[in-house]
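First to last, the sequence lines map onto chains V and U. Yeah, the first sequence ends on 257 if you go by my numbering, and it's all consecutive. Yeah, the second sequence ends on 476 if you go by my numbering, and it's all consecutive.
Any given hint could turn out to be false.
In silico BS3-like cross-links for lysine-lysine, where the CA-CA straight-line distance does not exceed 27 Å [unchecked claim]:
hint	chain 1	residue 1	chain 2	residue 2
1	V	K158	V	K98
2	V	K126	V	K165
3	V	K126	U	K358
4	V	K126	V	K98
5	U	K358	V	K98
In short, the hints are calculated from the structure, not lab data.
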Amino acid sequence: MTAEIAASHAAYAEARAAGAPEETATRRDFPPYRSSVLRHPTKDLRHTDPETIELWSPAFGHRDVHPLEADLTIQHNGEPLGERVVVTGKVLDGDGRPVRGQLVEIWQANSAGRYIHKRDQHPAPLDPNFTGVGRCITADDGTYRFTTIKPGPYPWKNHHNAWRPAHIHFSLFGTDFTQRMITQMYFPGDPLFALDPIYQSIVDQNARDRLVASYDHDVTTHEWATGYAWDIVLSGSGRTWMEPEGDDE
Amino acid sequence: MSALTPTPGQTVGPFYGYALPFPGDSVLSVQGAQGTIRLHGTVRDGAETPVQDAILELWQADENGDIVRETGSLKRDGHTFTGWGRAATDDDGHYTFSTRVPGPTEDGAPAFFAVLVFARGLLDKLHTRAYLPDDQTALAADPLLSSLPEDRRRTMIAEREPDGSLRFDVRLQGEGETVFLDFGRADRSAARR
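Required output: the full structure, derived from the provided sequences and hints.
Here you go:
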């Protein structure tokens, strides 16, 4: 597995040296991730300009999400086991504008590396006090903030002795439907990074780094939780921004 | 050019099932209500095997082609049309939305549903469109559709079934591979309503 990943990366480094552009996105065709082999398109994506519907996103608000849904540690009667963490940052568009009032959804394994999902057969304990699902609506400055438990790494069947680095799944909406994305946030310094074909399907190190949160002592709270900061940049908005948002509603 | 580099996407993975679906997620318009139609189909991989762990999103205009600005998709009240929904595939790789027929958002353009596909094994999202099959003139005049060879063009047009349902199958790879879209950096001068 390590050799397969290294070969892909070496080919990319060689192409870069020969003048190929920097790759900032995830490759859909990345054979070390076995499930991708039959599930990636083989034809190039067709470039087209978005039409009006694609230049807007669905609207979400406090009718959709209760503020307490951003705290994954208070969804049951007791405290979940594990390392309490705060994960916070901003959702920005490609020009650095905050994405305000939009839905952020997260889901994750518990501290033992187990998901509450019937297909997760990893014999690690479920935590009766942890579901691992959170939602919030971004603030006016694009800020999201979740309180949760640091997820554990877990084994999967991609290859022998395969383990996913600890991660939190993030689902994001922008101002345009073209910006809609789902990704995974990782924790800094994870020893499993080099061995993980999903993380390594991003062949450029700078691009991979964009999925790794930073430990932030200013987010860490005294005698309560450690803090991580991670900003998310969506693709550019295709809307014209001559007038403030509120004018078109 | 964008000032900031976008954060890369990653696969939705296999374990979104207790997180992304929600009650009423695929019901944009309740069955039996006037104007409600079914949009459904099967997602298949390169071996024609149904994909049991895909999740699709639908985003559309209302019947008049107007953009909907209503909140409440996650807690549907059974009356408000929000224009957005989500449907996971079942064990047969099949998904179903209960919704309304969108109107075109551009004058003279054919109407379509914006469709987004996520799946285990799919490392990043895929955008496509499910065009309504009815307005042949508008379909024929559409620059995107006209630029495609017939066998590819067909993959973006939903099929009308005898009971009025719309069928839109998604093929991730192989023969009949769905046309997936890249919007790149949209033209900043793009017209808006």
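For each hint, the structure was consulted:
1. V:K158 with V:K98: holds, 20 Å
2. V:K126 with V:K165: holds, 16 Å
3. V:K126 with U:K358: holds, 25 Å
4. V:K126 with V:K98: violated, 33 Å
5. U:K358 with V:K98: Judged against 27 Å, a Cα distance of about 25 Å means the pair holds.
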